[in-house]
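Peer 1: These are the residues of each chain, in order.
Protein chains: 2
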Amino acid sequence: MSQNIYDNETFFREYMKLRGEKSYNDLLEQPAINKLLPDVKGKTILDIGCGYGHNSCLFAQNGAKKVVGIDLSQKMLEVAKKEFCHPCVEYRRMDMSELSSLTQKFDMVYSSLAFHYAENFQKLIADIYVLLNEGGYLIYSQEHPIVTATMDCKGHHNLDESGNFVSYTFSDYAKSGQRVGPWFVEGVINYHRTMGEIISMLAHTGFIIKDVVEPIPESWAMKEKPDLIKEYIKPTFLIIKARKPE
Amino acid sequence: MSQNIYDNETFFREYMKLRGEKSYNDLLEQPAINKLLPDVKGKTILDIGCGYGHNSCLFAQNGAKKVVGIDLSQKMLEVAKKEFCHPCVEYRRMDMSELSSLTQKFDMVYSSLAFHYAENFQKLIADIYVLLNEGGYLIYSQEHPIVTATMDCKGHHNLDESGNFVSYTFSDYAKSGQRVGPWFVEGVINYHRTMGEIISMLAHTGFIIKDVVEPIPESWAMKEKPDLIKEYIKPTFLIIKARKPE
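Protein chains in written order, with my numbering: chain A, 2 to 247; chain B, 2 to 247.
Simulated from the structure, these hints should not be mistaken for laboratory data.
Heads up, a few of these hints could be off.
Given that identical chains are not distinguished, each listed pair holds provided it fits within a single copy or across any two copies.
[Said to hold, decoys possible] With a cut-off of at most 30 Å between alpha-carbon atoms, the simulated BS3-like pairs for lysine-lysine come out as follows:
| id | residue 1 | residue 2 |
| --- | --- | --- |
| 1 | Lys176 | Lys155 |
| 2 | Lys42 | Lys82 |
| 3 | Lys231 | Lys155 |
| 4 | Lys83 | Lys155 |
| 5 | Lys176 | Lys226 |
| 6 | Lys224 | Lys176 |
| 7 | Lys23 | Lys176 |
In this text the structure is predicted, and so the values were computed from the model without any measurement.
Starting from the given sequences, assemble the full structure and let the hints guide the process.
Peer 2: Shown next as structure tokens:
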């Protein structure tokens with residue numbers, strides 16, 4: 002089972018503060034993943050790590066027939082059920098390691114920034130493959146392997162004398178496995194996997210890779226947050242679109 | 002047309018010296034790419050950037066029906082024709098930008114460490130797609146995008162006080178395009194492309210991605226060259242196996 006850090010009081014409070022700010026998710030990850038989405042009208046969708054449900058609700062508003070949003074965090078789901086409820090959306094508390102308990106099938110499995118919390122990626126994508134209808138899509142984002150690589154979680158940007166971002170330093174890329182570092186609170190657990198491991202595992206499971214995106218900021222986003230210039234040095238996110246053969 | 006640096010006298014002399022040494026190619030790239038090869042018996046094979054022809058000849062020795070080895074360098078092909086000739090191997094001087102002039106079809110297109118010299122990757126893989134029989138494989142290696150990224154070609158490993166490799170510093174990952182740097186001689190031209198660009202271009206062309214490998218050294222190789230420990234910090238090579246649908 003994944004760590005339930007989102008139900009940590011301090012983490013949850015700090016995380017929810019991001020909603021009011023211009024976050025990397027809003028400016029970089031969400032615009033890029035949205036470009037990969039097929040028309041959701043009439044589709045059945047599983048949203049893994051749905052959080053407070055904004056995407057699940059949006060899929061329903063855009064005409065999805067049925068959306069199942071799962072998350073491990075009770076606190077997140079309470080917000081979802083209060084603020085992002087919709088007759089076509091069902092929220093369920095469930096860890097992504099328990100997907101095989103689902104009985105329905107889906108036309109699309111979506112996940113925003115959750116899979117780097119999954120300890121067993123091989124099982125996760127095998128479970129998703131089974132849950133997808135033929136021709137169905139898996140579209141997900143995660144932290145980029147360059148960012149998750151360094152063992153002590155101290156990969157970092159380097160500045161020149163004028164304070165400009167000039168380069169990025171990292172290590173331990175080939176050493177897959179658990180990383181424990183601070184994010185709002187100490188001891189947040191991620192799992193690092195290399196690009197090769199991720200893509201080959203998807204391919205070996207049977208998925209056809211359609212797109213691999215390392216998003217760079219659009220000009221409107223750069224105006225909102227100039228330090229997104231760092232994305233030209235190294236990517237922060239990895240987004241993959243894969244399809245189960247028809 | 003790609004730069005013909007291998008016909009530079011100094012470059013050629015220095016490059017050929019590597020053959021007597023334990024190179025990264027022999028210890029890391031070749032063992033990894035060989036694992037991805039299908040049985041070549043009875044197959045027609047195109048070897049792009051065949052160099053002095055050791056792989057083309059080996060394919061023929063392993064039972065390939067016909068191998069066409071192309072390279073831009075007259076000097077390399079002279080060695081190939083002298084040292085690695087075989088009745089089933091035909092060597093042709095040709096730039097990889099001219100693939101569309103070939104009229105035969107192939108069961109496998111192979112290329113070791115040449116594609117980072119290609120200016121137009123989109124055209125290259127579109128040409129290869131046409132040349133492949135249905136169900137045929139493209140298997141190739143190149144310098145890893147993390148290595149080709151930095152504009153001034155000064156990505157580098159960092160050492161601790163005891164001289165151990167501890168991290169890697171790079172920049173400009175999202176800035177695709179030409180890189181000009183020294184390798185034996187000044188002014189060697191490579192083309193940097195991101196992982197996302199490479200894999201998405203292959204997928205959009207119609208290829209099914211089968212494997213993406215960022216090789217790490219096996220224990221026998223580590224004994225030969227202990228500084229291969231650096232490969233656990235960041236990958237040097239990228240190897241891709243893709244298939245044209247049947």
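Peer 1: Would you mind marking each hint as holding or not holding in the structure?
Peer 2: Structure-based check of all given hints:
no.	hint	in the structure
1	Lys176 - Lys155	both (15 Å within a copy, 24 Å between copies)
2	Lys42 - Lys82	within (22 Å within a copy, 61 Å between copies)
3	Lys231 - Lys155	both (16 Å within a copy, 18 Å between copies)
4	Lys83 - Lys155	neither (37 Å within a copy, 52 Å between copies)
5	Lys176 - Lys226	between (33 Å within a copy, 19 Å between copies)
6	Lys224 - Lys176	between (37 Å within a copy, 19 Å between copies)
7	Lys23 - Lys176	between (33 Å within a copy, 25 Å between copies)
Hint compliance for this structure: hint 4 alone is broken.
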